[in-house]
Every structure is written in C-alpha cells, then in structure tokens.
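Number of protein chains: 4
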Amino acid sequence: MKKIGVLTTGGDAPGMNAAIRAVVRTAISFGMEVVGIEKGYSGLCDRSFVKLTSRSVSGIINEAGTFLKTKRFPEFKESEVRKKCYKNLLDESIEGLVVIGGDGSARGAYQLSSDFDFPVVLIPASIDNDLYGTDFTVGFDTAVNTAVSAVDKIRDTATSHERTFVVEVMGREKGNLAIEVALACGAEIVIVPEVKMKRDEIVSLLKEQERKGKTSSIIILAEGAGKAPELTEWLQGKLPERQIRYSVLGYIQRGGSPTYLTRVLAAQLGAAAVEALQKGKYPLMAGVRGEEIVYVPLSDVVSRSKDIPHKHLEIIRNMAI
Amino acid sequence: MKKIGVLTTGGDAPGMNAAIRAVVRTAISFGMEVVGIEKGYSGLCDRSFVKLTSRSVSGIINEAGTFLKTKRFPEFKESEVRKKCYKNLLDESIEGLVVIGGDGSARGAYQLSSDFDFPVVLIPASIDNDLYGTDFTVGFDTAVNTAVSAVDKIRDTATSHERTFVVEVMGREKGNLAIEVALACGAEIVIVPEVKMKRDEIVSLLKEQERKGKTSSIIILAEGAGKAPELTEWLQGKLPERQIRYSVLGYIQRGGSPTYLTRVLAAQLGAAAVEALQKGKYPLMAGVRGEEIVYVPLSDVVSRSKDIPHKHLEIIRNMAI
Amino acid sequence: MKKIGVLTTGGDAPGMNAAIRAVVRTAISFGMEVVGIEKGYSGLCDRSFVKLTSRSVSGIINEAGTFLKTKRFPEFKESEVRKKCYKNLLDESIEGLVVIGGDGSARGAYQLSSDFDFPVVLIPASIDNDLYGTDFTVGFDTAVNTAVSAVDKIRDTATSHERTFVVEVMGREKGNLAIEVALACGAEIVIVPEVKMKRDEIVSLLKEQERKGKTSSIIILAEGAGKAPELTEWLQGKLPERQIRYSVLGYIQRGGSPTYLTRVLAAQLGAAAVEALQKGKYPLMAGVRGEEIVYVPLSDVVSRSKDIPHKHLEIIRNMAI
Amino acid sequence: MKKIGVLTTGGDAPGMNAAIRAVVRTAISFGMEVVGIEKGYSGLCDRSFVKLTSRSVSGIINEAGTFLKTKRFPEFKESEVRKKCYKNLLDESIEGLVVIGGDGSARGAYQLSSDFDFPVVLIPASIDNDLYGTDFTVGFDTAVNTAVSAVDKIRDTATSHERTFVVEVMGREKGNLAIEVALACGAEIVIVPEVKMKRDEIVSLLKEQERKGKTSSIIILAEGAGKAPELTEWLQGKLPERQIRYSVLGYIQRGGSPTYLTRVLAAQLGAAAVEALQKGKYPLMAGVRGEEIVYVPLSDVVSRSKDIPHKHLEIIRNMAI
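Chains as they are written, first to last, in my numbering: chain A, 45 to 365; chain B, 45 to 365; chain C, 45 to 365; chain D, 45 to 365.
Zero decoy hints are in this set.
One copy or any two copies: either way a pair holds, since identical chains are not told apart in the list.
With a straight-line cut-off of 25 Å between C-alpha atoms, the simulated PhoX-like cross-links for lysine-lysine are:
#1 323 <-> 355
#2 115 <-> 258
#3 240 <-> 350
Derived by calculation from the structure, the hints in this document are not laboratory data.
With the sequences and hints as input, model every part of the structure.
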C-alpha cells in the first residue's frame, strides 16, 4: 500500500487530532503517503483532499477537536454517493482509508468497505463509549473528566446551599458516560436509558438519604433518559420543601485538551489501524481490551451493542449512604 | 471590640471561604473572638452560632463554596425578623458583624446597621461583579475564568463542525460577566441587558463575519438579555443553512477553587473589614479601586449601580473581524 | 466480621480519600463498624484510632491526599513492632484490615498477615503504577495527567523559543509514569531505568530529528534513570548551538483532585477489599485487569515485579519523526 | 500610518498571542497593513517578515506562547545591529512598531525609537510583573494562577505527610510573583529579594507556628532570593525532627492557556498600542492603572522600577497563625 487517506466524521471527540497524528506518522514510517480528507465523508464526496506530512501534525497531540474538521453527512447512506466517493479514492490513488469516528461513522465505513471491497479501518472516537468490541473509545476518558469537573463545581454550590441538583449529561442512547460520571462524583442517583427507574423511586431514595443525614444531593441524568428541566419540576412538586435546581452540561463535554488516556489510546489505535491496512486486513475496527490492542470485524461493530457496567450501578447505590 | 460575627449570605461565590479565613485570622491577631454564623441571616435568626479559631479555617483558602453555608432568606426584609437577629447578636455579646455576600446581602446589612446603629461591614462577594464602589467582587475573577474555559471547549467543537453557538452565561440584571467572557473568548457577539440590540443586527453581523471568512461563531448571551434556546431557534429560522447550537453554562460558574485574584481580594477585604470594625467605622463596604483598598458607605452601595465596561464592548466589536 | 480497620501508608497518592470512602461505606452497608487508623502503620502502633461513619467520608471523593494522613514507618519491618500493632488490633476488636498504599505498604501488609494469620487486604495506591498483578494503581491516572499538563506547558515555551527540554518525572525504580507521560505528550525521547540508553544515542536522535525539521524537543527522564541538571549540562556540552533547559516536576505529581478513573478504581477496589474480608479471603491485593476486578495473593505482589509497556516505547520512537 | 510591524521578544509569556491578535485586528480596522516579525529583534535583523491578516490570528486568543516565536538577542544592544534593523523597517515600508515583551524588550524598544526617532510602542508582557508604570503585565495573572495550582497540589501532600515544603518560584530580581503566590496559597512564609530576612527568623517563625498547631508549612522562595535545595538542607539541619522537602516550579510558570485577565489585558493594550501609533505618539508603553488604560513614556519605564506590594507581605504574616 503506497497511499492512504484519513478522515474524521460524526460528532467530534477529544483526541481526534492525536489519532490523525498517529495515523500520519505511522504511515510515513512505513513509507506510505497520507491524504487528509476534510469534513468527513462529505469531503470525500467533494474531493476536499490535502497532503499530510509529519510536520502537518506537529503540535496537535494536545489539541481538542479535529483540524481536518468533521461533519454529519447523512447522504453517505445513499449508494450513489458512496460510489462517487469510491471513484474519488481511486482517482486519488488512495488504496486504504482510516475512518476516525463513532457509531454512525462505523456504519458508513462498513458500507463503503463492503460495497467495493475497499480497505477501511475504523478508529473508534466518541464521547459516548458506545461501540461494541472496545473497552474505550477515543475521547471518552476526556469527556468523563470534563463532566466530573463540572459536577464537582455544582457539588460545591449544592453543599453550600443544601440543595438537590439534577445534572443532565450527554448520552442519547447510552448511559455509559452518565454512570461513570455518577460513580466518580459520588452522585446519589443515576438515571440511564438502559435501566427503568420509577420516578417515585427517586423520591423515596432522596427521602431515605435525607434521613441518613445527607443535606444535598446530585442526580445524574443521561439525556436519553429524560430532560433535566422537566424532571426537576416534577421532583420539586413532590418535594416542595427542598431547593431543587438543574444544570445541562451540554457541548462542553466534547471539547478540551485530551487526557493522557485519550491520547495514548489515540496513538495506539492510530498505529494499529495503519498496521492493519498494511497487512491487508479489513474491514476492521482497532480497539482495546484491557492492555491489549485488538481488531474487531466491522460487521460485529455495526450489529452488536455494548453493555453498560452494571457493577458500577451497584457501587453507586451502595455508596449513596 | 472583643467579639465579632461573620456570615455568608445570598448566592455562593468562590472565595467566600478565603474571606472567612481572612476575617477570622485578622480578628484573632487583633485579640478578638470570632463567632461563625451558619446559613447567613437565617442562622443569625436561629442562633446557629459556632466558635471559630485559627484552626477552624485551616486548609480552606482554596476551597469553593462556603463552609458556613449560605441561604437566601427574604424574611430578613421584615423589621421584626431583624429585631430578633439584633437581640441574638446582643445575647451572644457580638459587637460587630462582617457580612460576606452580594447585592441583596448589602441591603440586608445596611438595614440591620441602620435599624440599630449596629457595626456592620460588607465584603462584596458575587460572581456578577454588580456592586457599586468596587472594581471587583470576590468570586468574579473565578467565575469568568470558569466560563471562559467552558466557552473555549465549546469553541473547539464549533470550529471542528463550523457551527454557530449561543452560549448563555449568568447575569440576570448585569452584563459584566458576559462582556468579560466575550472579550476573553474572542466571541463574535455579546448580548447584555444594558445594551439594546435588534435581533436583525445579530443576523447582519453574522453574515458580514461570514463574508470575511469566519466559518464559526460564538454569541455570548447574558441570561437577563434573553434565553439561549429561544434565540437559537429564532436565528436558525433566519439562517437555515447554518448549524446553530446553544449551551447554558449554569451553575458551574459558581463553583471551583478560587483563582489567585479572588483569593487575594478575599484576603485583603477580609483584613480591611475587621480593621474597619476595630476602628468603629460602619456601615461600610470594603472594596478595591485599582491597587487601593477603599471603604464605601453602604448607603451608596445600595442606592447606586455599577456601570458596564463600555470600552470592552467596543473592543469586542473591533476584534470580530 | 464485625469491625474492620483502614489505613493509608507510604507516599500519598490521589484517590486515597476516595478509597477510604468506598471502604467505609461498603463496610457499613455490610453492617460492619469501621475504625480509621491515622498516619499508617505508625498510628496502628500508637493506637491513633478514630471511628468512621458514612458522614465522616462525605465530600472527600474529589479531595487529594488522605484525611487519615500517611507516614513512612520503617520500624514496621521489626517483628516486635508488628506484634505490638497486632495486639492493638485485638484490643480494639478489629477483625480485618484494609491497607491502602504502594510497594512498601504491600510488604508490610503481607508480613502482618503472615505473622499472625490476620485478615489483611491491600488496595494498591501509588503514583508509580509499580505493583504486580494490577493494570493500574489508585492515583496513577491522576499523576500522569498532572505531569502531562505540566509538560504541555513546558512544550509551549519550548516551541516559542525553539528549545530542547529535559523534564524529570517521578519514578525512582520504575519508568511506567515516564513512558505514559512521554507517549501522551509526544515527547521525542524517553529515558527509563529499565532500558539502557547510551547518551550518544540521545545526541544522534536529536540531530536526526532536527534534520527532519523539528525545531524543539522534549526529553522525558524518569528520576531513577538520571538527574535532569546533570544530563542537561552534558547535552549542552555536546550540542552547544542548542538552547537546552530542564525542569524537575517533583511533588506536584502527588497532589490534585483525582481524575475520574482514579476515583472509579478507588471505589471498585474499596468495595472489593471489604468483600474479600467479609468472605474471609486474605492476604490479597484487590486489583484490576481490563474491566475485571481481580484478587492477587499478596505473596505474588511482594515477590514479582510489573513490567513496563514495551510497545509504548516503540510507538514513542515511531511518532518522533 | 499605512503599515506597522509587530514582534514578541524576550522570555515568552502567556497572552502574547492574544496581544498579537489585538494588534493585528485593531490595525486592520484602522486600514493599516500588518507585518509579523518572527523571533523578536533577531528576526527584525534577519528580515524574517510575514504578512498578517485577520485570519492569521484566528483561534489563537487562548493559546500559550507566541506563534511569532521569540528569542533573546543581546546583539540588539549594539548600535550597528539596530541600524540594520532600522534599515530593514524602512525597506519594508514599516512606519511603526509594536514590541511585545518585558524588561529587556523595553530597553531595546526605547533605544531603537531614540536612535532613529522611530515610532515604537511597547506592550508589557512578562510573567514577572516587573515593569514600572503598569499594575499588570500581560501573562502575570496566568503565571500566578499556574504557580498557585501547583502549590495547592504540594500543599495536599504536605498536609497528608505533615511536612514542610520550600517551593521556589520564578523571579530573579523581583518578588512580585512570589508574594502573590504566597498570599493566594496561604503560605506561612515568603522570601523575596527586596526584603532582607535572616535565616534564623525563618526557623523561629516555623517553631512559633508549630506551637500554634500548624502541622505542615509552605515557604515560597523567589529564585532571586535563594535556592530551594540549599535552603532546605540548611533548614533540615536546624530542624532535624521535621520532614522538609522542596520543589522548584520552573518553566511550567511560562506556559498554559492565558487566563481571562491576561487575555483582556492583551486585548486592551493591543488596541491601545495601535491607537498610539496612529496618533503619532511614541515612544510609549501602553499600561493599565486600575480600570484605566494609560500611556507611560518608555524613558520612565526603562529608568524607574516597580515596587512590591508591601501590604500583601503584612497580610501574609497576619494570616500565618
């Protein structure tokens, strides 16, 4: 393989730049050329190509976001669009593609690879940690730490005012981020899409904790399991003597300089992705299991789903006393 | 003066603990005893008193919130309630009071002092920097830095996706925080209660900036000047080809370890407040003007209002090119 | 088991407080009483005991250091001292002990347990990640992130001045921290005790990187592999046209609010340690392997040594182009 | 004035990029062209010029260091070298120059302006806050906050181990940074070049504080007032029962994303510097006094010296009880 392409797609995640850097430098160390494709699949369609060298990726390992930019591009689901993209790859003599992105990106990568038997490897990058086959996605560790710092700040004001706070974190379909944030912040309650929780149960938990001497509480709510303003209003109705407030953390969870683990994972998976292409192995996702780097067939990634850490939910409950 | 009281009241602000520490240790160095009054004016009414020593305030200079806790207590507007509080002060042999708080706290402090000719000095502590007579309030510098870090993170994702963001920051009546955040983040537009801005003007500014090559934008909105979701929806209607998103920073702006300036200001004003009491000067606010510590009559503080930095607005406009 | 003790010993590490919290609350949820032992084995010898409740550990999950304090106590190697400690445990009706600490603590824990067949479980807490049998120690993730933030700052000034920097990080016997910091910061060279590196090789690497266009460089040096001032002077002698500077990160690496992973690990291992005691399993270390919590015999922990991540060294080399 | 130049020189300071941005955009808003001069006076001598547009300074407001790079260039003291620089300015049709830097940069700027009656305005940028005529230099607020965060971390480990720490901070000739760090961290003792302090006094202060119940201590030492390792050894000799450690913060104090105040000051002074050039006023420094932007003759800046905040020293002493 003489020339490969790399793109970032879908929602941005911290560490995407570190992953691009690892892809570029590994490829160059193998004697390959690297083409950066701007704005994800959209740029692949528009031939938004830029040559990348070792110096192109200097000083970006600690930068948030993605210098190649990213874009949601639903048109990529259309067979004609993918055909055009494939033609662009051939015209540019790109023989393999590294896709850096999350859930939707995986599906796009799998389709492109399947349609044309084209070598594609995915680096899972997402703040949701929602991809099957890898313990962590690039960006998750950073996003959790960002959310944890924010909740720590909210805890400061909750304690000073003896208030209850509902904090809504990202996670439209998955509660992984919410659970880790809750465990790390010592939240009293966590509400995620995967676990049914009756609202009355929240009320009785809060009352029980109050009896045990807790004067303030934090409830972590995954956005896919409810909306903070609405839940807060409902709770306030049930517990009128309490001061209940809410906060929606929102987009800050996507930004920030990547943490060490995000950067290390980006470096490992960037190197592994290029190695797979070099060996002609595809369509795969490069992932991590414990301390091992693993390759997972993209067909598994797109068809299976990652479970939440149920034991962490149990610890959260046991600690809230 | 042999014994003084200290309390924190109203919305919490970073640096309140550092201010308590300075009050306690300065008073002790003057040979006074210090009584901590918990939960603000509410605890003064309920006689929630605790003796404070040098060791009581060890290790709190860098802690967020207030270990004496705080509470909004509208009942303090009632003359009868204040009379009860005054009696509690006498019963406890407290001869002077340091009140740490913001706008509403100033009014309470002024009333208590006026009603009974009781020695009260205010340390202005608020994330809004909205008190007349002082360049800065304790907590403002920290809150702006917290908001700036958050907006930096949002800028990361805005740039990667080429999006426009409306970021709502605290400031129900005052735009001071919003203006400083906007200037520090290089925001393209800032909207504050003090300056009328036609919505069409926002649209034309965004279009003009786009012509100059800006591919993403940040609009900082003080909460008193509009609501982010509503403004975003309106803008999206006018600029359908853009991706416009919003974020409400909320309570994180109140928390966090105080910055150096917040701590230094807390130390200076804590010392100054006790000195004023010792010299029998009241009712005053201890404040800062440039590098000088000043005393401002509380009657001025409660009757006059602080202006916004208009020159900063001009710089923001000139920089948004 | 009705009553257990918990102590922190050896060098402090971020997350020790979170671990104590998890031990206390898990034990209470099992119906046990918990005794906090201050200043490690030293306090065990001096009967420095304090009763711990759920409220004793409120609000400490995000605090650095250890509220039980810690102390190096070489006297614990003496059989007579351990005998006295054992007697103190019996006198206090403590039936099991959770030791939170690193390498030396493990040896002490193993000896105490072996001498008297006393139930002891270790929670590995150390910024060095140097214990056999666990992927991570409590505190390591935080320390690496702290060091990475510091090196990022040094990189800022290195780039602006086009300088070469030698940054000495903690690690007297092990290079684990140095390697992770180097990989995460994109350091050009890492020097660790486990890998012999000729000094001339450093010079030739720097020259080669310069030829490739690098205008500044970062060398990460584990303290056990050399001293930054001395190495810097030597390098400056060999490369007189360069501006070479050094920085010794030192004790900042031990402090700071724990990161999410440190807190989650502390919670998991705290819970697991108490579960082991409850089930009568000892002498063990609770550790983590991938996503699994594991128990490792203390005899293995004290007799075997953890390897460094050799693949990470390879990635560092490949990225430095 | 149709065309101006801008350069950064001397030691780098956080906010230099924000200052360049403000200079560039203000000049453009006045209809001027802007030439960036790389590596300070050195690049002026070598004609290392680059055209700057609004887009050249996008996204740098929050970046550490200086993208124009900086260099110490003692040759600029030679009259012949300055003559060459002046000729380069004329050849490039540069009619005015903004110099961003500290103490030494001020002298160079003054000489260049005096030699050839050339319009030069200085923006004071230095982590030392050591320039006469301005309350703050660009970068000082950031550097103090960075040092404060580091000392907070060291306090964590000092408290856990009940140790005494000597922390050496930057400041070869001036104690401004050391004093602010000490006040903000609640340090027990601060040692600066401007105030003679007998070493025996340090010992007696530490002993007195111990009697008052302090179990750990922080001593902040400006580098110009002694060396941490040496002082530590001496203290350890005098107080053998204590555990005394040291830390040298070093270069981390120069890096990091600028704080809000640093950015705002950079914006204000950048705008003011260009306004002065436009109005034909020079040689000046743009500075800040309270909330006012002021112009100070460079002759005063280079001949007078800034005092330390003596009142802060007094507060530090009073708080250390």
